[in-house]
Every structure is written in structure tokens, then in C-alpha cells.
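Novice: Sequence:
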Amino acid sequence: MEAKSKSLTAERDEMMGSLKTCTSQKTALSTERDSLKRTNSAIEEKSKRLTSEKEDLSRRLNSCTSQKTALTAERDSLKRTNTDTQEKLTRLQSEFTKQRAELHSNTLQLTGLRRERDELQTKLTVFERYSKQSWTYFSGSFYYISTTKKSWRDSQYDCWGKGADLVIIDNKEENAFVRKFQKKLWIGLSDRLREGSWIWQDGTPLRTSFWYPGEPNNFRGTEEDCAETKYYDYENSWNDVECTNANFWMCEKKTGV
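No gaps in the numbering here: position 257 of the sequence shown is 257 in UniProt numbering, and each next residue is one more.
Be aware that a few hints might be false.
[To be verified] Here are the simulated DSBU-like pairs of lysine-lysine, each with C-alpha atoms no more than 35 Å apart in a straight line:
#  : residue 1 : residue 2
1  : Lys-37    : Lys-26
2  : Lys-253   : Lys-172
3  : Lys-98    : Lys-149
4  : Lys-132   : Lys-172
5  : Lys-149   : Lys-172
6  : Lys-172   : Lys-183
7  : Lys-68    : Lys-48
8  : Lys-132   : Lys-162
9  : Lys-183   : Lys-254
10 : Lys-184   : Lys-150
11 : Lys-150   : Lys-162
12 : Lys-230   : Lys-132
13 : Lys-162   : Lys-172
14 : Lys-68    : Lys-37
15 : Lys-184   : Lys-162
16 : Lys-180   : Lys-254
17 : Lys-162   : Lys-183
18 : Lys-79    : Lys-68
19 : Lys-150   : Lys-183
20 : Lys-48    : Lys-37
21 : Lys-88    : Lys-54
22 : Lys-230   : Lys-149
23 : Lys-172   : Lys-150
24 : Lys-48    : Lys-20
25 : Lys-254   : Lys-184
Please keep in mind that the hints were generated in silico from the structure rather than gathered at the bench.
Please construct the entire structure, taking both the sequences and the accompanying hints into account.
Specialist: Next comes the structure, spelled out in C-alpha cells:
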């Protein structure tokens, strides 16, 4: 009986130990369960936040993508517009350069025309003034024929007073022009400074001459140092004569008209 009691006591004690162990394990499991619940709850909260953030990021990404698409389209449109504008600018610059060149050319032409107009007006004014004063025009010069007779020197003074010189005959055309007036006329030719060295009164030496045959000759030993157009019916019409003789005279004023 006593042995049985000991056996039961031992069994009880063993069961009590097992109960304590089970209770301890239960407590530990409960603690672990609660910890896992808290952890799981935290994970769920974090998952919710991440899901919300993901959705927000998705919306922002979609918005950014839309904006990017719109900006890309706008950029491409601006590129096309810029290309068109650049081409237009190039054309305008080319047209501007061409028009500026035309303007410069037209300005030069206008300046030239104005200059020609002014020159013609000046020539016309000169022509009218001398024409009214009984001067005759021929080949760029005006000529005046005296109506009285004077010595070669006094004739020269008269021409100088008119702003002219005794006529200087440069060629056969001018010689023919002088001859057509059918008068004995003083011309601006003499050898007063050195015998035999005929010079025009502007200092130009005689190169082309129209002396009558046998002239100049200092007829009968006289000092015939001045020239006249005596034989006007002939091309070679010049004659040397004394400078103190009285003759009609011709003044010449070169104008370039």
C-alpha cells in the first residue's frame, strides 16, 4: 500500500512538473503569439502605407508621363516652328541683302543722275548767259567776235576783261569755224617774246598751224609778231602782221559745255 502511495505521489509530482512545463510553454507561446500579432499588425500598416505610396507614385508617374508626352509634343512643334522661322529669316535676310544692294545701286544712280542734272543745268545756265551776250558756241567753247577794231594787245585786254582769251586754234575744225565769219581776226598767237618761236598766249607752243603759203615772213622787214586770219577763204588762212595794226578779234572762253 505504501509502495503504491509513493508511486502515485511520484506520478503526481511528475504530472505537476509536466503541467508547469506546459504552463510555461503556453505562456511563452502566448507571448510569442502576441509579439507576432504586433509584428504582423505593423507589417500590415507598413504594407498599407507602401501601397498608398505606390498608388501616389503611380499617379505622379502617370501625370509626369502625360506632362512629358505633352512637353515632347510641344518641343517637337517648337522645333518645327523654329525651323520654319529660321528658313523664313534666312529668306528675309537674303531679300534684305538684295534690296539693300538694289537701294545702294539706286542711290548711286540717283546721285549720278542728280550730278548729271546739276552739270547740265550749270551748262545750260552758262550757255544761256553767253548766248544772250552775243557769244557763239562751238565744240566746248564760246566765241565772241568784236564789232570794232583794236591792236593785238588791246584786243587781248578786251578778252581778258570778258574772262576769256584771244582764240587758240587747236585743230582744223576749229580753224574752219573761225574762217566762216569771213573777217580778218586777231588770234592768240605771237612770236613777240622770241622771233620765230610762235606760242599761244596761254604759253602753249604752236604745234598745228594753218599758215598761208609763204607765211610767216616779216614782210618787207617789218616786225610782224602777231597772227591774224587774213586769207579766210583758204584753209591755210593765217598771216603774220604788226601787232599795232587794228583788227577785229575773236575771244574764246573754254567752258566744257
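Novice: Are the hints correct? Go through all of them and say.
Specialist: Okay, the hints, checked on the actual structure:
no.: 1; hint: Lys-37 / Lys-26; result: holds (16 Å)
no.: 2; hint: Lys-253 / Lys-172; result: holds (18 Å)
no.: 3; hint: Lys-98 / Lys-149; result: violated (67 Å)
no.: 4; hint: Lys-132 / Lys-172; result: holds (27 Å)
no.: 5; hint: Lys-149 / Lys-172; result: holds (25 Å)
no.: 6; hint: Lys-172 / Lys-183; result: holds (17 Å)
no.: 7; hint: Lys-68 / Lys-48; result: holds (29 Å)
no.: 8; hint: Lys-132 / Lys-162; result: holds (14 Å)
no.: 9; hint: Lys-183 / Lys-254; result: holds (22 Å)
no.: 10; hint: Lys-184 / Lys-150; result: holds (12 Å)
no.: 11; hint: Lys-150 / Lys-162; result: holds (15 Å)
no.: 12; hint: Lys-230 / Lys-132; result: holds (28 Å)
no.: 13; hint: Lys-162 / Lys-172; result: holds (25 Å)
no.: 14; hint: Lys-68 / Lys-37; result: violated (45 Å)
no.: 15; hint: Lys-184 / Lys-162; result: holds (21 Å)
no.: 16; hint: Lys-180 / Lys-254; result: holds (19 Å)
no.: 17; hint: Lys-162 / Lys-183; result: holds (21 Å)
no.: 18; hint: Lys-79 / Lys-68; result: holds (16 Å)
no.: 19; hint: Lys-150 / Lys-183; result: holds (14 Å)
no.: 20; hint: Lys-48 / Lys-37; result: holds (16 Å)
no.: 21; hint: Lys-88 / Lys-54; result: violated (49 Å)
no.: 22; hint: Lys-230 / Lys-149; result: holds (14 Å)
no.: 23; hint: Lys-172 / Lys-150; result: holds (26 Å)
no.: 24; hint: Lys-48 / Lys-20; result: violated (41 Å)
no.: 25; hint: Lys-254 / Lys-184; result: holds (22 Å)
The structure fails to meet hints 3, 14, 21 and 24 from the earlier list, while all remaining hints are met.
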